[in-house]
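Number of protein chains: 2
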Amino acid sequence: MDDLKAAATAATRRGFLKTGLLGGAALAGSLASGRAMAEGDPVITEIQDWNRYPGDGVDARPYGQPSQFESHVVRKNVPWLTSDTISSINFTPLHELEGIITPNGLCFERHHAGIAEIDPANHRLMINGLVDKPLVFTMADLKRFPRENRVYFLECAANTGMEWRGSQLNGCQYTHGMIHCVMYTGVRLKHILEEAGVKAAGSWVLAEGADASAMTRSIPMEKALDDCMVAFAMNGEALRPEQGYPIRLVVPGWEGNMWVKWLRRLEVGDQPWQQREETSKYTDLLANGKARRFTWKMDVKSVITSPSPQVPIVHGKGRTLVSGLAWSGSGTIKRVDVSIDGGRNWHAARIDGPSLPMALHRFYYEFDWDGSEIFLQSRAIDESGFVQPTKDQLRAVRGENSIYHNNGIQTWHVNKDGGVENVEIS
Amino acid sequence: MDDLKAAATAATRRGFLKTGLLGGAALAGSLASGRAMAEGDPVITEIQDWNRYPGDGVDARPYGQPSQFESHVVRKNVPWLTSDTISSINFTPLHELEGIITPNGLCFERHHAGIAEIDPANHRLMINGLVDKPLVFTMADLKRFPRENRVYFLECAANTGMEWRGSQLNGCQYTHGMIHCVMYTGVRLKHILEEAGVKAAGSWVLAEGADASAMTRSIPMEKALDDCMVAFAMNGEALRPEQGYPIRLVVPGWEGNMWVKWLRRLEVGDQPWQQREETSKYTDLLANGKARRFTWKMDVKSVITSPSPQVPIVHGKGRTLVSGLAWSGSGTIKRVDVSIDGGRNWHAARIDGPSLPMALHRFYYEFDWDGSEIFLQSRAIDESGFVQPTKDQLRAVRGENSIYHNNGIQTWHVNKDGGVENVEIS
Chain X
1 MDDLKAAATA ATRRGFLKTG LLGGAALAGS LASGRAMAEG DPVITEIQDW NRYPGDGVDA
61 RPYGQPSQFE SHVVRKNVPW LTSDTISSIN FTPLHELEGI ITPNGLCFER HHAGIAEIDP
121 ANHRLMINGL VDKPLVFTMA DLKRFPRENR VYFLECAANT GMEWRGSQLN GCQYTHGMIH
181 CVMYTGVRLK HILEEAGVKA AGSWVLAEGA DASAMTRSIP MEKALDDCMV AFAMNGEALR
241 PEQGYPIRLV VPGWEGNMWV KWLRRLEVGD QPWQQREETS KYTDLLANGK ARRFTWKMDV
301 KSVITSPSPQ VPIVHGKGRT LVSGLAWSGS GTIKRVDVSI DGGRNWHAAR IDGPSLPMAL
361 HRFYYEFDWD GSEIFLQSRA IDESGFVQPT KDQLRAVRGE NSIYHNNGIQ TWHVNKDGGV
421 ENVEIS
Chain B
1 MDDLKAAATA ATRRGFLKTG LLGGAALAGS LASGRAMAEG DPVITEIQDW NRYPGDGVDA
61 RPYGQPSQFE SHVVRKNVPW LTSDTISSIN FTPLHELEGI ITPNGLCFER HHAGIAEIDP
121 ANHRLMINGL VDKPLVFTMA DLKRFPRENR VYFLECAANT GMEWRGSQLN GCQYTHGMIH
181 CVMYTGVRLK HILEEAGVKA AGSWVLAEGA DASAMTRSIP MEKALDDCMV AFAMNGEALR
241 PEQGYPIRLV VPGWEGNMWV KWLRRLEVGD QPWQQREETS KYTDLLANGK ARRFTWKMDV
301 KSVITSPSPQ VPIVHGKGRT LVSGLAWSGS GTIKRVDVSI DGGRNWHAAR IDGPSLPMAL
361 HRFYYEFDWD GSEIFLQSRA IDESGFVQPT KDQLRAVRGE NSIYHNNGIQ TWHVNKDGGV
421 ENVEIS
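As they're listed, the protein sequences go chains X and B.
According to the UniProt record's numbering, the first sequence is numbered sequentially starting from 1.
According to the UniProt record's numbering, the second sequence is numbered sequentially starting from 1.
Please note that the accuracy of each hint is not assured.
Any copy, or any two copies together, can satisfy a pair, since identical chains are not distinguished.
Taking lysine-lysine pairs in the DSS-like style, the calculated list, with each CA pair at most 27 Å apart, reads [unchecked claim]:
#1 K76 - K334
#2 K143 - K317
#3 K143 - K133
#4 K143 - K334
#5 K199 - K76
These are calculated hints, taken from the structure and not from any lab test.
All chains should be built: construct the whole structure from the sequences, respecting the hints.
Here you go:
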């Protein structure tokens, strides 16, 4: 289509728009949102540059990037949360995201010695210990096994950990952003273990990373033979470096620290190895000074992502859309309820999109906001019947010493101006 | 974890590895792939840089990018396919992708006047014509409607179009790469039409884009009220500029050209508008000189993505994994068969991952390659019972004049060296 035609079309439409809007009494107050357009809004009566001039051709971006107008949608760090620059965290911008898939560029990352940059040609996966045949695989070897594709959430055990002692961080990116959900492609760990031949006494698997922290975790054989994967792709393309490129372990429904990145070794043994990350870390210190350990599964949880402190209500009274996420390490989400009065009354939310086990679920709740202050909460129930608890219920059982496994109900206070704050109510 | 500990761990392992491999008779020939490791492979006996030194911290990449070792995985253009630089195409690198989700940065793009760069604050969607109330929406208005999340493939009607007259392009990126599949989030078009109120005579909807080509297509009201969406997000984040940011039309299962990008206007009418893109283009010229038109639905189709001309078999004889994609505008894929002898014998492939209507399906077929030349084909059958035809069957009905709607069976010839070529066999 040539420029001439585009210009002619635009001119015709411009004439129409002026007529339409000058006679626009029907428009006032009739919009879905209750927002009437100003007559003769130049944004629609004037031809815009993007309608007038051709844009970039396809060669400009062999690998595409977000719009310049989305530059605020990024992972963010909270510097004071970690003690040094190489052991650090950033957070998924949940408040800006939709659906259940996290784009690869926005998946939070947690690492203990920075991002390893590995040449896959020089990467190997070894399996040793209580096996019939110790084996070493190249990436090409791994890609000859049968593959599978599964959508799973990955949540850090410390997600929402700062909230054990009361509301702290003002934004769901910071309170709940140590989670992401992608489609993994890889090899079922079972196939690799079977290739090596697990000896009768083999009841645990150690997974070890190739980064400078040599991250190591013990995984019970039952889980290893069930649904664990050695994944090499996420959302269709190779893993990102910060997510373990070229391979990572996938441990569906269990805490993120066990999903060892840059995976280089699997050892079969007859007991857990008691590594640092399963003793002094990633255990739950109780009020009596004892620690719960091997609390691997991530329990049922949900959060309202919008409105939330980073995305207040800006449209005033009227039709308001509540959007949020729910998930459970025990399978699918059966139901989500939303409250606007701090948990006194609950309303069934609508779960929309695929409902896949151990994956994020998206829920919505629409209501007419009357402009008064409200206390927004969501409460998820998973297929096993587990109901998301309040924070006080959690504290009654586990005390306030831990930073791990806080799946309590989150409260957002919406004030009369639409501003949103992280609060707790009793 | 400090450097000291990482170094100590690595040193211990290094000792182990040397021992393990020197006594490694058990390794020879025992690998899944049949590939034995050389003893003392320095890649595993020597500490690698990524194990010795910490990598980048989290602040280095607020929006993540692929590994430097994946720089070959990009969209590619075929310059001679389009006549000028602003009306152009590039192709999804299907041969490098896994699962069913296409990462946003790798979704093929086809545009007619370059990529419009639109500031969403200055974008409006108007609805006019045979409606009770003409309306104009801002982006904020649209985000107050109920949302939905759906995974759909988008295929250009001209995908595989160069193959009507015989095999031409050597690589599934070029023969089949005008397709992608993402999770869309947006508003059901039905809600927007209902808000404006469609008059009794309203039986067609015109969708118009805001780019410099002012792309326009007519859509029957029945489809518009069924499953069409006005989408603002793909794979969780805002649409990419080349995919219509800030909004595009989603027309599930139908040809990509109708999924108008940079959507700015919907007009309700009582007949199709006979725009250029539904008359001289996107109609199917038959052998007798007449043209089929309104051939919107994309019929059942499949292609083997690996091995294929861009990814030959490099491992020699033995266990070989065939991976491919299947899809249908009529719903889910019920079955995929694979042949290694050019269609004489068919073997059931394994469909793995979510099976969603009008979305890509991933299939696998594993076999032991004996090193002789083979002719690889795949054949999909959708839930409506439609069986993917051969190219000759298609030509018998439709001739060879068209460039659109070629869903014929693709043949890859694998030679004795593992090299792969695009061929046709009768």
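Quick rundown of the hints versus the structure:
1. K76 - K334: neither (31 Å within a copy, 43 Å between copies)
2. K143 - K317: Classified as between: cross-chain Cα gap 15 Å, same-chain 55 Å, threshold 27 Å.
3. K143 - K133: within (20 Å within a copy, 57 Å between copies)
4. K143 - K334: between (36 Å within a copy, 26 Å between copies)
5. K199 - K76: Cα proximity of K199 and K76: none, with 45 Å in one copy and 49 Å across.
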